[in-house]
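So the chains spell out like this:
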Amino acid sequence: MSSELLPHTLEPHPVTGMYNGKFGLWLFLASEVMLFGALFSAYILLRTHGDFPSHEETTLNYKIGALNTFLLITSSVTMVMAWASFKLNEPSKGKLYLWLTVFLSVAFLVIKIKFEYLHKIHHGITPDTSTFYAIYYCMTGLHGLHILGGVIVMLYFLLPGFGLWRKNPEQFTNRIECTGLYWHFVDLVWIFLFPVFYLL
Amino acid sequence: MSSDHTHNPGFIRKYVFSVDHKVIGVQYAVTSLIFLFFGFSLMMIMRWQLAYPGDAIPLIGGWLGQYLVDNNGVLLPEGYNALGAMHGTIMVFLGVVPLAVGGFGNYVMPLQIGAPDMAFPRLNMASYWVYVLGGIAMLASFFVPGGAANSGWTSYPPLSVIANVDNAHHFWNGQTIWLLGMVLLITSSLLGSVNFIVTIVHLRVKGLTMFRLPFFVWAQLVTSFLLLLAFPPLEAAGVLQLMDRAFDTSFFMPTGLVVSGVVRDEYAGGGSPLLWQHLFWFLAHPEVYVLILPALGIIGEIIANNTRRPLWGYKTLVYSVVFLGFMSFVVWAHHMFLTGMGTTMSNFFQTTTMIISIPSVVILTAMLLSLWNASIRFNVPMLFALSFLPMFAIGGLTGLPLGLSASDIQLHDTYYVIGHFHYVVAPGTIMALFAGIYFWFPKVTGRKMSTLLGHLHFWPTLLFMNVIFGPMLIIGLRGVSRRLWDQTEYVLGAEVQGWTVMSSWGAWMLGLSQLPFIINFFYSAVAGKKSVENPWKATTLEWAAPSPPPHGNFAEVPVVYRGPYEYSVPGAKEDFQPQHLSDAKLS
Numbered sequence: 000m001s002s003e004l005l006p007h008t009l010e011p012h013p014v015t016g017m018y019n020g021k022f023g024l025w026l027f028l029a030s031e032v033m034l035f036g037a038l039f040s041a042y043i044l045l046r047t048h049g050d051f052p053s054h055e056e057t058t059l060n061y062k063i064g065a066l067n068t069f070l071l072i073t074s075s076v077t078m079v080m081a082w083a084s085f086k087l088n089e090p091s092k093g094k095l096y097l098w099l100t101v102f103l104s105v106a107f108l109v110i111k112i113k114f115e116y117l118h119k120i121h122h123g124i125t126p127d128t129s130t131f132y133a134i135y136y137c138m139t140g141l142h143g144l145h146i147l148g149g150v151i152v153m154l155y156f157l158l159p160g161f162g163l164w165r166k167n168p169e170q171f172t173n174r175i176e177c178t179g180l181y182w183h184f185v186d187l188v189w190i191f192l193f194p195v196f197y198l199l
Numbered sequence: 000m001s002s003d004h005t006h007n008p009g010f011i012r013k014y015v016f017s018v019d020h021k022v023i024g025v026q027y028a029v030t031s032l033i034f035l036f037f038g039f040s041l042m043m044i045m046r047w048q049l050a051y052p053g054d055a056i057p058l059i060g061g062w063l064g065q066y067l068v069d070n071n072g073v074l075l076p077e078g079y080n081a082l083g084a085m086h087g088t089i090m091v092f093l094g095v096v097p098l099a100v101g102g103f104g105n106y107v108m109p110l111q112i113g114a115p116d117m118a119f120p121r122l123n124m125a126s127y128w129v130y131v132l133g134g135i136a137m138l139a140s141f142f143v144p145g146g147a148a149n150s151g152w153t154s155y156p157p158l159s160v161i162a163n164v165d166n167a168h169h170f171w172n173g174q175t176i177w178l179l180g181m182v183l184l185i186t187s188s189l190l191g192s193v194n195f196i197v198t199i200v201h202l203r204v205k206g207l208t209m210f211r212l213p214f215f216v217w218a219q220l221v222t223s224f225l226l227l228l229a230f231p232p233l234e235a236a237g238v239l240q241l242m243d244r245a246f247d248t249s250f251f252m253p254t255g256l257v258v259s260g261v262v263r264d265e266y267a268g269g270g271s272p273l274l275w276q277h278l279f280w281f282l283a284h285p286e287v288y289v290l291i292l293p294a295l296g297i298i299g300e301i302i303a304n305n306t307r308r309p310l311w312g313y314k315t316l317v318y319s320v321v322f323l324g325f326m327s328f329v330v331w332a333h334h335m336f337l338t339g340m341g342t343t344m345s346n347f348f349q350t351t352t353m354i355i356s357i358p359s360v361v362i363l364t365a366m367l368l369s370l371w372n373a374s375i376r377f378n379v380p381m382l383f384a385l386s387f388l389p390m391f392a393i394g395g396l397t398g399l400p401l402g403l404s405a406s407d408i409q410l411h412d413t414y415y416v417i418g419h420f421h422y423v424v425a426p427g428t429i430m431a432l433f434a435g436i437y438f439w440f441p442k443v444t445g446r447k448m449s450t451l452l453g454h455l456h457f458w459p460t461l462l463f464m465n466v467i468f469g470p471m472l473i474i475g476l477r478g479v480s481r482r483l484w485d486q487t488e489y490v491l492g493a494e495v496q497g498w499t500v501m502s503s504w505g506a507w508m509l510g511l512s513q514l515p516f517i518i519n520f521f522y523s524a525v526a527g528k529k530s531v532e533n534p535w536k537a538t539t540l541e542w543a544a545p546s547p548p549p550h551g552n553f554a555e556v557p558v559v560y561r562g563p564y565e566y567s568v569p570g571a572k573e574d575f576q577p578q579h580l581s582d583a584k585l586s
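Taken in order, these protein sequences are the chains called A and B. Using numbering that gives the first Met the number 0, you'd call the opening residue of the first sequence number 0 and step up by one each time. Using numbering that gives the first Met the number 0, you'd call the opening residue of the second sequence number 0 and step up by one each time.
Check each hint, because a few of them may be wrong.
With a straight-line Cα cutoff of 30 Å, these simulated DSS-like cross-link-like pairs (lysine-lysine) come out [said to hold, decoys possible]:
{"hint": "1", "chain 1": "A", "residue 1": "21", "chain 2": "B", "residue 2": "447"}
{"hint": "2", "chain 1": "A", "residue 1": "21", "chain 2": "B", "residue 2": "584"}
{"hint": "3", "chain 1": "B", "residue 1": "205", "chain 2": "B", "residue 2": "584"}
{"hint": "4", "chain 1": "A", "residue 1": "166", "chain 2": "A", "residue 2": "94"}
{"hint": "5", "chain 1": "A", "residue 1": "166", "chain 2": "A", "residue 2": "21"}
{"hint": "6", "chain 1": "A", "residue 1": "166", "chain 2": "B", "residue 2": "13"}
{"hint": "7", "chain 1": "B", "residue 1": "536", "chain 2": "B", "residue 2": "447"}
{"hint": "8", "chain 1": "B", "residue 1": "447", "chain 2": "B", "residue 2": "584"}
{"hint": "9", "chain 1": "B", "residue 1": "314", "chain 2": "B", "residue 2": "536"}
Here are some chain B residues the structure puts well away from chain A; computed CB gaps all over 10 Å [as the list claims (entries may be wrong)]:
{"hint": "10", "residue": "40"}
{"hint": "11", "residue": "44"}
{"hint": "12", "residue": "234"}
{"hint": "13", "residue": "350"}
{"hint": "14", "residue": "363"}
{"hint": "15", "residue": "565"}
Sample of chain B residues at the chain A side, in silico, Cβ under 10 Å [unchecked claim]:
{"hint": "16", "residue": "73"}
{"hint": "17", "residue": "128"}
{"hint": "18", "residue": "132"}
{"hint": "19", "residue": "232"}
{"hint": "20", "residue": "233"}
{"hint": "21", "residue": "248"}
{"hint": "22", "residue": "377"}
{"hint": "23", "residue": "511"}
Since the hints were derived computationally from the structure, they do not count as laboratory data. Quick reminder that beta carbons are idealized off the backbone N, C-alpha and C, glycines included.
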């Protein structure tokens, strides 16, 4: 660490029971709730006030959506396993679970892009087709960017960032915990997106 | 990065890409002061067209370029709209908020809680540089084909969605860059607000409980929560508007839209222009409190210090600020009474609006009561602080008729609205920010600002602020719309043109009145009188550090023994008891 920065602290603060990074991450998630909350509100307003196509007129394939839901929920499990393994001082197991999480999320993205977006665009269904597809592309696209961001962070910890494990394993494990919190949030958003767009 | 423990990181790391909250605070303050003056200059150009419609702009008319003026140097209507939109955007998002939060918050708050730095110093640096990028984007938009965004600082669709697209056929036009710039500014404030909250909650020194925090820190804490939670909906709205512009989606475009006799069928329709207004004002009303709360915090510090006694009703002030922050999330649609959203909605929002005025009045009353019977020191920061009270009161009280849906029918979108919110933000918040600059200048530089130049700055500024905004209230009561390029085209506008001319001269004189401040600011920073460590005999922790504080702020970590405003304690030796000195040391 450079001398210009504060010494890193691992101690949980008595007021919040969290170390600085974890508290900061929860605050970040609060703002993410407001971001997606605003978009869900936009969805409700468009659906109730505008010319919104009925469910029968839309062509989303709920089977693909269900498969992706399954992949993401599984990735949440492997994420927790990764954190627990690092906590139990088993770095090789932790790395394996983290790679599994990366694999599952990339699979999610590939299915989403190849079998949903490109397929739809091929059939001439683009964001300007109707407000349903506009908000669908917007919200799932934003969610996809969040997945991509998570993958980049995980790859960072697996490859160049792994050196921290040898220097300060507890700090490294804390970073994995924060990544996990973010990851569960991103999953949770999908748990809402799936029924809203595919089932309702 | 070096591994040695000396504090000699080199010029670039020390002054440009610094992680020190004090350097970042000064960077924020200087950048935002420049933006404030730039945004104000846009307004001085607009005021020429308003006062003397159709006359060429003197001196600079020839230099403004084809998007703003015609060949004779007369301001174009589109140019007028662009200046108006960018004046609002720059003053709010690049001027006042970065100065109040990024500047004062960054510099003063960690010192007041006894922390060596912010909780996430690198995040802090990132926050500043993302803000700079946002500012560059906004400035660059003046030079792209079609000129800067010209749909008002509120960017209401459908106007904003179709703006610039037709004549430029170009993705990189003013409105698009405005949206991208806003996304950068929102990201910057997100990084900042997370940092502020963690710092205030986690990094307080021993003994500094929440109810021993200076009022300024409370104000910054509530402000950070507002920035954290209110900005994301505008980010969402910005993304939706970008999609409307870039991909012809119809989030905000209703079915069957006709513009200037042309059916706009490139949009599938089905969207709702009201959706934008809801998302925008969900941010922009809390934003009003982001503008005012740090100012209240600064005023609280200066009043306690210069009345030499505790702030009246400290806990009441804290509860009021927290309640104000909470309520500011449920008043947004009082900006939308005339959109046809329905009387049920209007009734709800006018009720919450009346409720939110209560804590505001409580705060102002507590500040006034603090003055009662005090032996007041009339130094320059205190003069600014005292002028804030009546100015903010005028701003607040003129807001009441706007918050009632019946009287708003007459006043909506007139100059009365402009007069009202400028009284809150210009003679209100900006006077408080000046007060803060004069107050903490010795802390930052180790030197005092000149008192004579301070008086030469204060009196004309106070006078001309009122010369500008007082007439606007009168013009607005007559019903003149706030968006006219030339109000004399209408009889009712021509009748009150005299007031408009007066307002314009007020603006130009206000510009001149800032000269003493600019001279004072730079001259005193280099050659001002050296200040002692605690020149105002203040009690809060920032004065326990050397002036200017070194890297890491405090030579030894302070411990706090008492509340923030222990002035004139009966029986005490001195009339102030600093927070960090134990009773044994004081007696």
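Worksheet entry | Those earlier numbered hints the structure runs against, lowest number first | Of the numbered hints, 1, 2, 12, 16, 17, 18, 22 and 23 do not hold.
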